[in-house]
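Protein chains in written order, with this note's numbering: chain A, 456 to 1074; chain B, 456 to 1074.
In case anyone wonders, no lab produced these hints; they're calculated from the structure. Any given hint might turn out to be false.
Where chains are identical, the list cannot tell them apart; a pair therefore holds if satisfied intra-copy or between any two copies.
Here are the simulated lysine-lysine pairs, BS3-like style, with alpha carbons at most 30 angstroms apart [claimed, not checked]: (1) 582 / 991; (2) 872 / 563; (3) 832 / 723; (4) 991 / 563; (5) 991 / 817; (6) 733 / 582; (7) 997 / 563; (8) 984 / 582; (9) 596 / 850; (10) 850 / 555; (11) 563 / 984; (12) 582 / 596; (13) 984 / 555; (14) 997 / 582; (15) 1045 / 997; (16) 924 / 563; (17) 739 / 889; (18) 723 / 563; (19) 737 / 884.
2 protein chains.
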Amino acid sequence: MHRSHTCWQLTVDSVGERVILAGWVANRRNHGGLIFVDLRDRYGITQTVYDPEVDATAWSLADSFRSEYVVQVHGTVRSRPLWQENDRLSTGRVEVIVDKVVILSESKTLPFEVSDYTNANEDIRLKYRYLDLRRSTTFDKIAFRATMNHFTRNWFTDHDFIEVQTPIFTVSSPEWARDYLIPSRIHPGKFYALPQAPQQYKQLLMIGGVDKYFQIAPCFRDEDPRADRHSCEFYQVDCEMSFVEQDDVFDVAETFVQELTSTLTTKKITRGFRGIEKILEKNKKLITHDDTLAEKQATDTEKFIRLTHTQAQSLFGSDKPDIRFDMHFEDFTDTFAQSDFTLFQNAISHGGVVKAMKLTWKILSRSEIDDLTEVAKANGAGGLAYIIYEADGPKSPILKFMNTAELEALWTQLEPKEGDMIFFGAGDKKTVCKVLWQVRLACRDRFWLVNSWEIGFCWVTDFPMYEQKDDGSYDFEHNPFSMPHGWVHAFDNNPDPLTIYGCQYDMACNGYEILSGSIRNHDTEALVKAFAIVGKWEEEVKERFGAMYTAFQYGVPPHGGFAFGFDRLLMILRDEENIREIYAFPKSGKAEDVMMSAPSAVDASQLRELHIQLRPEGK
Amino acid sequence: MHRSHTCWQLTVDSVGERVILAGWVANRRNHGGLIFVDLRDRYGITQTVYDPEVDATAWSLADSFRSEYVVQVHGTVRSRPLWQENDRLSTGRVEVIVDKVVILSESKTLPFEVSDYTNANEDIRLKYRYLDLRRSTTFDKIAFRATMNHFTRNWFTDHDFIEVQTPIFTVSSPEWARDYLIPSRIHPGKFYALPQAPQQYKQLLMIGGVDKYFQIAPCFRDEDPRADRHSCEFYQVDCEMSFVEQDDVFDVAETFVQELTSTLTTKKITRGFRGIEKILEKNKKLITHDDTLAEKQATDTEKFIRLTHTQAQSLFGSDKPDIRFDMHFEDFTDTFAQSDFTLFQNAISHGGVVKAMKLTWKILSRSEIDDLTEVAKANGAGGLAYIIYEADGPKSPILKFMNTAELEALWTQLEPKEGDMIFFGAGDKKTVCKVLWQVRLACRDRFWLVNSWEIGFCWVTDFPMYEQKDDGSYDFEHNPFSMPHGWVHAFDNNPDPLTIYGCQYDMACNGYEILSGSIRNHDTEALVKAFAIVGKWEEEVKERFGAMYTAFQYGVPPHGGFAFGFDRLLMILRDEENIREIYAFPKSGKAEDVMMSAPSAVDASQLRELHIQLRPEGK
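Starting from the given sequences, assemble the full structure and let the hints guide the process.
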């Protein structure tokens, strides 16, 4: 060992001891002959002192130290003079008086300084990631990631889940996202694919009787980079259970994420803004389908709020609402159906809707309103109608178009008080939802409507199984292997496919989707009927999902599960806005490893062995 | 939840309770009206009973059960009659008298039976792996793997190592093994490569000050399948430490593997056969290089035996010796240099060697000797010379060619006693080593020289840095980033490259290599000199290993580490001869996933997006 202690271990108890330390030169100060050097390692910092009268050679070597040299020093621990003690360091009451120095490795001037704050741009930080990792702000995130991995695996193991490492080389399923492909050398013309998720494998594990499975699974989707989506690879906490119903799955996911959050952070889990229960009660009608198998709405206040997909869309315009603050949408389509306000009335007569939401106790400036209007326009609105409730009554450019009954309706449903504002959306439902959703989030971020130490989890349940394509045919909206509410009976009597809902759920957190899952369809007959609606007949299902189809013939337990977006959850817990920050060696925004120069051109002989060649451009 | 208890939980304490069980029909017996069904899940088996007088519907449904149906049963726990108790089951003193049955899923007749023993061939087992997993013999291995993962991660975390997930998408380094490549969609004509090991990343983590890193890392090498090498992906326990010397690394690896073995198995760790210390002492001269930096030979008997690479080759003809039994080689080249035995004398005069080893207390039959001779021939020998020491003296077809001095020398070095045999190898050193190594292992397996509950770990140290190619030039024998013994001075005064040894080590176990590692070269000057010997100049190193070369300019701590072959270690601990057995979903011997049909042909449109096309055959 090149050291007897780390740079964090020495305290006043060590005074008088002979020690050997090794680390990086973080700071060097020459004080009238005495040289002081802060030696740094992963664990901490220790002050070392060089006195020419103690050892001239050591002193003169120390005089040659530059930042980030790696050095080994031998010396004796002594107390610092009282006035030099540093209470911010665990080692702040001692120093090492050095009598021998070995320079282990020199360093050129760094492209950026090793300090908590840096203004180096991301590309430089990524190119020299090994230097960036010396900054405690970067290192802490990587250490946190390790702690989260550790907590997660132990939690699931303690709860009787078995970790299974599912294959990384598997088969292409281009019906979901785009696959990454790997040409096979041994099987010319054939390709492996990296798994987009271990979905089929985990279901096969249930059919194999594994009962409870988990894995922090690497997943791979060839999608375009985004701030909350890492390129190439990402990780999910993948989990599946047999003989469970939706409530059982919710229990596991809720307990896990609550224990994770409270163990690893000081964040406070909020159950939603005041009054959300009342709003949900009022909106119960929005659970539109015949929910014979849906579990009861959780009433235990320790549980997370549950919104159906329909409710989430209707109240927040999103299937991943941030429930830490209100500003839910109220519908005024009926109110303005016959209005003299042509903008609203026109929207409605063309099949659209009018919705409004209330911002409490913020009178916005002209420029703030302009900003929000820009957000609305960027998301497809023509503008952003609003009413300001001042001390002497409502003010708005659109007020003159409204009659008393309409104003009354606004008053009744939204209860605006002095200092409040109302924003409107009018047009086709999809656009209105999107616009108000984005305006709502913009308000959150600009007017500090939430605290960063607050986390708001909620469930979004009962996703529609199908969506209608432009040509009138249907496609799966989400996971085709989800059990429809009503099981096989959901398909009886030719119902409208758009009214079939799946036992499918997401967990949202602070406006991000952080979990997705479902109770699976374990019934061959129901599965075949589910696929028939999207025009895939039994033979095609057999062909496309051969292993699953065959496995379904041999005794399948009811099962369900979920996958947490591990990276995204980590990003939220660390208050990072860019997912790249929580990887040790992230890909850049262009899906490149700028440090290793990946991807790269390869030798022609490598391609030849793989039975492929580059495609000439333009062909 | 579809059940109130698992099939393992009910005991006499539960008698009288109403319960709901769910699981697979493992066994059904109709005993004169009463039906008995063994219900199975991952946890155990519970006997359920159906009596037409208790519930006629339940009885008649039970009568329709076939093997592997998944059913849910409601009933009451009762004690079994004393004479029906089954002490082999935790639930063997109770049964559930059923009054309600739900068939959750039916099953066709399985392609093979769910039982501990199966004679189904591997391809069928892999195609229906989900059924194979229901067999406890298969499931136990997967559960063991999970336990080993769990133990490993917690062990390293408890010892202050930080888990870092290094990138799975990285850059091609074809100078090692063959890479798996992934065409980039976003960067036409460029490819990612999957990492053969996280070697460079873990060194960069050390340069980044992470100090102690570990990971159970997926690794990818496009090599041809083998019984002890899984296709496509495999896992290694990867570890790296800063400010350490070889002994520090050995301490970590030895402590880990000993605690792992003793915690998870009943295997006994052997320190080698009796007398190995004496043999090593005698062979000390085989440490030929000027070992200024080599650590002292460990003398603590709790430590693993250490052999230099030269010793291992010379004594066992292999760099991964099985040290649980003797049969080491003795050299008789000097003895037979002037012999009248032309076979031996010829070999020596052509630059070859004569070696011999002793098999104790086994007089082999003619056919056993023939078998071993076949092994020798298959590995390049012309035949297998031997002497049998019978009660009335040595017997051998070659005895007539030997003089008394030669027999005396054999006697002195090998000390054969009545019932022993000596085998000879003569010829070029490499072939002799290979032949005797294989004959030695064949003796082990055929004559039960070791116990399967015995595990013998040993270190092989001081690997040669270089090998000479046929054209006289040199290449790296192993890892070019290893520190040579003598550091930068190893290259001074133009030494013979073949006499430069690296601070590089393997751990062998029962004849397998299970760990490989080294103290790394952290000195730019030494690194550049090391590459110069294989004809790679500084510019080329910069080009090939840009990130590493650049990183070496900014303060590098001395560091070293290792990687355990996780799968291979698991295979040894479970006494499996085929590495595929310890994967949940293994690739076949042809690198295929026969269950999912991977690899597969893909759509032309997918290739087009990736800017590649298939190469026409023959081009």
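Quick rundown of the hints versus the structure:
1. 582 / 991: Between copies only: 24 angstroms across, 48 angstroms inside.
2. 872 / 563: So residue 872 and residue 563 fail the 30 angstroms test inside a copy (64 angstroms) and across (67 angstroms) alike.
3. 832 / 723: neither (35 angstroms within a copy, 73 angstroms between copies)
4. 991 / 563: Between. Shortest inter-copy distance 24 angstroms satisfies the 30 angstroms Cα cut-off; intra-copy 63 angstroms does not.
5. 991 / 817: neither (53 angstroms within a copy, 68 angstroms between copies)
6. 733 / 582: neither (52 angstroms within a copy, 53 angstroms between copies)
7. 997 / 563: between (62 angstroms within a copy, 16 angstroms between copies)
8. 984 / 582: Between. Shortest inter-copy distance 26 angstroms satisfies the 30 angstroms Cα cut-off; intra-copy 52 angstroms does not.
9. 596 / 850: Neither. Shortest intra-copy (48 angstroms) and inter-copy (72 angstroms) distances fail the 30 angstroms Cα cut-off.
10. 850 / 555: Neither way: residue 850 and residue 555 sit 78 angstroms apart in one copy and 68 angstroms across, limit 30 angstroms.
11. 563 / 984: Classified as between: cross-chain Cα gap 20 angstroms, same-chain 68 angstroms, threshold 30 angstroms.
12. 582 / 596: within (18 angstroms within a copy, 42 angstroms between copies)
13. 984 / 555: Only across copies: residue 984 and residue 555 sit 29 angstroms apart there, 80 angstroms inside one copy, limit 30 angstroms.
14. 997 / 582: This pair counts as between: shortest inter-copy Cα distance 15 angstroms, intra-copy 47 angstroms.
15. 1045 / 997: Answer is between: at 24 angstroms across copies they meet the 30 angstroms cutoff, but 38 angstroms inside does not.
16. 924 / 563: For residue 924 and residue 563, the Cα distance exceeds 30 angstroms both inside one copy (60 angstroms) and across copies (38 angstroms).
17. 739 / 889: Answer is within; shortest intra-copy Cα gap is 22 angstroms, inter-copy 78 angstroms.
18. 723 / 563: neither (45 angstroms within a copy, 52 angstroms between copies)
19. 737 / 884: This pair counts as within: shortest intra-copy Cα distance 20 angstroms, inter-copy 88 angstroms.
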